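With the sequences and hints as input, model every part of the structure.
Top to bottom, those sequences are chains A and B. Counting along the first sequence from 1, when you hit position 221 you're at 221 in our numbering, and nothing is skipped either side. Positions in the second sequence are counted from 1; adding 1000 to them yields our numbering.
Calculated from the structure, these hints are not laboratory results. This structure is a prediction, so every number in the text was calculated from the model and none was measured. Check before you lean on any hint, since a few could be wrong.
Which residues of chain A face chain B? A few of them, derived with a C-beta cut under 8 angstroms, are [as the list claims (entries may be wrong)]: (1) 76; (2) 79; (3) 83; (4) 91; (5) 135; (6) 138.
Note that CB positions come from ideal geometry on N, CA and C, so glycine has one too.
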Amino acid sequence: MISFDNVSKRYPGGYDGISNITLQIDPGEMVFLTGHSGAGKSTMLRLIALLERSTRGQLRVAGRNLTRLERRQIPYHRREVGMIFQDHRLLHDRTVFDNVAMPLIVAGLGHNEVSRRVRAALDKVGLLKRERAYPVTLSGGEQQRVGIARAVVSKPPVVLADEPTGNLDAELSREIMALFQSFNQVGVTLLIATHDLELVRRLGKRTLVLSGGKLIQDQKNFSTHA
Amino acid sequence: MRDAILRKSSAKLSSRRQLRPGIWLTRHLQVALSSLGRLARAPFASLMTMAVIGIALALPSGLLIVLDNVRTLSGSWDGAATLSIYMKQTVSDAQTAELAQKLRLDSGISEVSVIVRHEALEEFRQLSGFSEILNTLEENPLPAVMVIKPDESHSTPQQAQLLADRLNAMDGVEFAQLDLQWVTRFHAITTIADRIVWVVASLLGLAVILVIVNTIRLEIQSRHAEIEISKLIGATDSFIRRPFLYSGAWYGLIGGLISWLLVTVSLWLLEAPVAHLAGLYQSEFELSGMDVATFSMLLASGTLLGLVGSWIAVGRHLNSIEPS
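Structure, rendered in structure tokens:
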């Protein structure tokens, strides 16, 4: 589903985001990405969502060669990659419902289909009752769940999460991870960047460790290694 | 399994553009209305911008209407443009009448009226107030005159001049005078006025575009987060552009309506004094207002200027916002 072949990202000024990364993530896998801040976790996610272009190597996502994708094709690629952020990135002048509906409206779905799918996604994250609320009236955990609902509402085959539990306590983090596992069970490929090693160990999933922009470890089952 | 998923997702990508026409139309309507709603939510700021646009459009359209009115006035003079043919003294009234009869059959002439010699003298006597002196003359010093109205198709200054030259060459004609010089001059003046109006219109049109560019630029800035997130979740450039283009079009359209209002009120204020002035000249002249064609032109050009302005703003500023 995601394959890096000698991919490097060098920023103007010579700083390397990641260098020479080669790896393969199969459809339906749930993979963690860890490492210190600045290790290149975010860069990897940004390359997959085409927020940035790699400077070298071949990067393929869902059968598409991103290195050769035209600029005007980028939106259609992003519709198949759901993104979740540490700071949620919600629009505060819109209700929970309208925030979650955005990807569907962008994709041009009809009104009824949008309502149906948004309600299903909000139900999934347990916020159906708050659909008319504004994000500021929600707690951090709830806001993150709205962000998750927005990322999965259009049923993308790939979901990326950048420090999704960064601001949450252990209890809420567990809830969020349980949510991710439930998406994974229905075949969604997940790549989650986090530095919460405790959480990663407990889940026992494949884990990639980055350091200084290089892949230094690729463990099938992180808990057994630890 | 993996291949199946890959195939499915690439099929999805290639079928992405097939939006049903109904949905497409509904979407445009929704965006148009929500853009209008956004303007209505900041009524004071929106109205200020629209009023600036309205004033900028009102000036050239008002001037154009004034110019049109002046042209209507000169049009009625144009029709009166005539040629006066002064016959030689030796030509008798009968010969003049004969020539007049011949000229009536001429294709370039629509009307010929003859003032025979004694009528000319009579007229001169009445109008000049020299009746005493004229009575002392033994012989009528005035020639017979034919007043010729050119056919409509021959009424331009150039053609009338050709006609005058032709008549000048005829037997018995002393000389043919074309009373068109002042009409030609008047035409020249209105042509200059016309140019001035268009120059003013172009400059103010440019001003309207600049006002809209700036307004839309501010709107883009204030909706920075929304644009960024929209791009993040796969909105196409045209999707993001659309609400701003509609905003620009609304500014232009409503600005056009305001300018229509301003012009109408100004004309209404001018109506009474113009009627008074026309009365002093025994004229039936009435100020004509904005007709439907001009009104639609005004709205259309307002909308177009709005679109152009927002297009420029969007082109310049939208690409600079990329999700991070």
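Legend entry - When the least beta-carbon distance from residue 79 (chain A) to chain B is tested against 8 angstroms, hint result: Given a least distance of 4 angstroms, the restraint on residue 79 (chain A) holds.
Inset, instruction - Using 8 angstroms as the Cβ threshold, decide whether residue 91 (chain A) counts as touching chain B. - result: Given a least distance of 6 angstroms, the restraint on residue 91 (chain A) holds.
Legend entry - residue 135 (chain A) as an interface hint toward chain B, with CB separation required under 8 angstroms: violated, 12 angstroms
Legend entry - Interface hint for residue 138 (chain A), Cβ within 8 angstroms of any Cβ on chain B: Hint on residue 138 (chain A): violated, closest Cβ of chain B at ~17 angstroms, above 8 angstroms.
Legend entry - Restraint check, 8 angstroms cut-off on beta carbons, for residue 83 (chain A) near chain B: Holds, about 6 angstroms.
Legend entry - Interface restraint verdict for residue 76 (chain A) against chain B (beta-carbon cut-off 8 angstroms): Holds. Min distance 5 angstroms.
Hint violations for this structure: numbers 5 and 6, all remaining hints satisfied.
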